[in-house]
Amino acid sequence: MKIENKIECIFEKVYIETPVDTDGDGKADLIAAYIRRPSYTADGEKVPAVLVANPYLMTCNEDWYVPHDVNREIKVYPQQDIKEEDIKFDFSAPLKSVPTVTRQTAGYAENAIVPEDVQFECISDLYRYLNQKGYASVFCGGLGTRGSEGYTLSGSREEIMAFRSVIDWLNGRCRAFTNKTDNIEVKASWCTGNVAMSAKSYLGTMCIGVAATGVEGLKTIIPEAGISNWYDYYRSGGLNVPALEWQGDDLDILAKYCFSRAKDPEDYAGVKEGYAAALDKLVEGEDRDSANYNKFWDERNYLNQIDNFKASVFIIHGLNDWNVKTNQCLPLFKALEEKGAERKILLHQGEHIYVYDLEGSGTLAMVEKWLDHYLKGIDNGVEKEPKVLVESNADQSKWMAGDTWPPADWKYVRFPVEAEKDVVITDDLSATVYDRKADNQKDWLDELVLSEDESYANRTKWVWDPFEAADNDAPLRIAGEINVKFEVAIDRETAILSAMLVDLGRERRITAEQVPVEGCDDGTFRFGLEESPSEYKVISRGWLNAQNRTCIWSKEEIKPGETYGYEIKMVPTDHTLMPGHKLALIIYGIDAQQTQRPETVTNITIKGGSVAAKIPLSKSIQYF
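Read in order, the letters of the sequence shown are residues 22 to 645 in the numbering used here.
Some clues are possibly wrong.
Here are the simulated DSSO-like pairs of lysine-lysine, each with C-alpha atoms no more than 27 Å apart in a straight line [to be verified]:
no.: 1; residue 1: Lys482; residue 2: Lys590
no.: 2; residue 1: Lys360; residue 2: Lys432
no.: 3; residue 1: Lys432; residue 2: Lys355
no.: 4; residue 1: Lys506; residue 2: Lys96
Hint data in this document are derived by calculation from the structure and do not stem from the laboratory.
Make a model of the complete structure from these sequences and hints.
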């Protein structure tokens, strides 16, 4: 985007008082916030604010990022009897860490203007652009970041309530100070009280978490690739399944990574032991051994509080984002739809990226129009525009539009599985092309999808041509959640069960590469195309711990050789299947790219006639 800095800006730094005391010093934790606002606000003119809650803001502990070992066995558990009510977090309960000492205001300052010398990380140019359009931008690292107080406890209620305090301050409901010691108070007299939250990934996650508190003054959020349910980010069906290419990652690692107070040796010395103890509790709560859903994860499931949402929501997410998967944005959109909330979703063909400058998307214009309506009250009709925009994977210049997702005409179609006899999967990574030292994940995936070797027993695969049964030869849109049920007998006390839906067809597909558009000097880009045609594309995947056959919060005993029923719900998707292509349904065990990689060899017998798969199809594709 092109930014013309015609409007000068004022830069401020304040320390906002939160309602929590996570570092246990008796005082309310202060968090540093950095404000960039149009200079004319010094003359009394008020502007709305866009808040970026960014735990990465003040650099991170790169050397602390050490993934957990995934080359280990899946732990076997005896029969558990954990009830759903046992894992529910009580959001009405008082905060755990509350201050016991009250700061006394020693005086007041008109402002907290400082030189603009802070280097903001993980922030797009959007916010400088918005300054020129009459918005203030507010950046805050939150608890445990350098310059602030408290502990980084990623996704927690304390973290959310701390960021909520920024909105409270912008609305005159809590205090901020010019520094951490003098107790000189400063007010946000320049702000109208109308606030938006925006940005990508962890930053987008905080948008959702704060909106879930129902805080007054937060008029809209624009989460990009944000997490709505942390369990579904790091776990799946009782398994550790983090972001693709981030195996071994977990929430404790993220918390340590973002605890940039450790970058200040003097400050860190006083909180080192306390933070270590807090991390121990976090590790206990996340429970990597069982990977069950529990109160720790329920606290970090913002969909629990969907009824609290007062802000409108504009979701932006990549359909090829296997870092923050679409199982975060699409359930959020559906929940907002059921609530009748004001909402919009834009699904693009990129991965984990910003798309303000994506050719033909109009993203920047839409965001500006959205903010103008919800923060400035401009009647521009944005709420009447299509609520769903989906970039086509068949032609990136085309967008599908609608008001619901999945599209209104969708229906489940049975994937025909011919398997009258039992099928045995021998789940053995050592019998595949995968090499643990080389970690050749792409070779493993190619073999899993394409192998025709009769001796390859690491999966079972069925192929279907849906166009044979279709009324016409038009493209088919797969939009929704793919579901597969089956019955299996396992020769051990546990197993990893995985399923995959694949688009089979030779073509040059869209890549994640961002290619500058020739003749544009404003950063406009489009996605690239493969240099040569590929044979397939994975549409979706799903995973399940065989001991979590009934629910994700309690494990059940498996008696080797006994038959049990299972259901795998794959990550929801929106994919256009072109004529001439086929679909492949694959059931397998260990996922070398996503799950733990045990060395144990497990035989999984799929019972004949038990496989039932449903594909959400839409025949009519309308372009916007």
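Now for the hints, and whether the structure bears them out:
{"no.": "1", "hint": "Lys482 / Lys590", "in the structure": "holds, 17 Å"}
{"no.": "2", "hint": "Lys360 / Lys432", "in the structure": "holds, 22 Å"}
{"no.": "3", "hint": "Lys432 / Lys355", "in the structure": "holds, 16 Å"}
{"no.": "4", "hint": "Lys506 / Lys96", "in the structure": "holds, 24 Å"}
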